[in-house]
Amino acid sequence: MTGAALVALLRRELALAWGRGGGPLFACAFYVGLATLLPLAEGPTPQKLAAIAPGAAFAALALSSLLSLERLFERDYDDGALDLLTLGPLPLEAVTGVKCLAQWLANSVPLALAAPIVSIALGAEPRLWLITLVASLGAGLGFAFVGGIGAALVLGARRGGLLIAVVVLPLFAPLVIFGAGAVEAFGAGLEWKPALAFLGAYSLAAAGLAPIAMAAACRNALS
Amino acid sequence: MIARLNVENLALARGERQLFAGLDFSLGRGEAAALTGANGAGKTSLLRAVAGLLRPEAGRVQFHDAAGVEIEADVARAQGLHLLGHHDGLKSTRTAGEELKFWTRWLGGESLSLAKAIDALRLEPLLPLEVRKLSAGQRRRLALARLIAAPRPLWLLDEPMAPLDLERRALFGGLMQAHLAGGGMILAAVHDALPIPVRELKVGIA
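These protein sequence lines are chains P and X, in that order. Quick note on numbering: the first sequence equals residues 1 to 223 in my numbering. Quick note on numbering: the second sequence equals residues 1001 to 1206 in my numbering.
Hints are computed from structural coordinates only; laboratory data are not their basis. One thing to keep in mind: the hints can contain errors.
Said to hold, decoys possible - Listed below are several chain X residues computed to face chain P (Cβ distance under 7 Å; list not exhaustive):
hint: 1; residue: Phe1025
hint: 2; residue: Arg1055
hint: 3; residue: Ala1078
hint: 4; residue: Leu1083
hint: 5; residue: Gly1085
hint: 6; residue: Thr1093
Stated by the list, open to error - Far from chain P, some chain X residues (derived; all Cβ distances over 12 Å):
hint: 7; residue: Glu1008
hint: 8; residue: Leu1164
hint: 9; residue: His1191
hint: 10; residue: Val1198
Claimed, not checked - Now the stretches of chain X that chain P is said to cover, found in silico as 3 or more residues with beta-carbon under 8 Å:
hint: 11; stretch: 1044 to 1054
hint: 12; stretch: 1103 to 1109
For clarity, every value in this text was computed on a predicted model and none was experimentally measured. We put the CB at the ideal spot given by N, CA and C, even for glycine.
Working from the sequences, and respecting the hints, build out all of it.
Given below as structure tokens:
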């Protein structure tokens, strides 16, 4: 029964995440738009752009990951569904974890698929596509779970979306540092594995610990 | 499974404001209680406290099984009670059928009980519609269907009849009666009289 409930919840969350705030296509469009502004601001000198492309693509990825976080818990909180989710067979920790997992699958994965394209379009070397994709997938997991903490903390607050950005952007910093660092190191022929390992460790730690924080924040908002 | 709800010396507060204190009552199989009191007296808060969403200032909420043994509150809540609040917990962009099916699975119901609920509340024609296209009364019927689709002994209802028309009120009255006859328990916050025999429980500072 617990397994069936888990699958049902994941399917529901995926369906909702797909439609949340215009869905992943909207986030991807924002990502591409953000990356298009950069050459306009920086000037079209290819060498200059190529040098900053991996880092800029990663910063844009972090910002694009923020977009749909606001609705992660807010809709369930507003329409009473969060009350009912506490009365099911799974603890709230598992519920919030599943919600973030769905956020990763429906939102971060499409963004990560767009990341190599955006990065190459900005002038990064095409041979970097695989490491860019892997680093973006790993960072996306961290963005989803760390972002979930922010989304749960601002429940019930007015203008929660802006507040989430302020709360979670500092926590996104290590993911951007290690993600862009791994890509740059790989491009320069340096040791890139440690940066990727740190990225993975941070994201997995977030996936393990964030549900506890999110569940506590949700309980607090409900009471 | 829950066979008795015991509330002992319960005190609830919202922020700085004390809603009530020293509330005692108990509800056994086949019994229904109607919570009455002015707006803001704490009826909804009491229901949420029983459901474990609100932490009481003082006092206890206990659940006992048929043998009189106390059930751990988390287990009792996860398996034995329904909360039907002001909000229906339905997503406007999903179809009525998808939502009902999900909540049935989540709350531990089965295909058989789901079919029974659809039949009992005459929801068949609504199932392919998106929830946002339903009227308030239709949404409430969809929410009420959860009670039948996932059988649980204790129903916590907050103004369950408000958006329903007369015919549907009678229909739901029958469902409540059947629930009580089957050994269920109902705790409902109401302003209008319920169409079932109930004990009145006044909430608020006396």
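Subject >> Broken hints, by number >> reply: Violated hint: only 1; rest satisfied.
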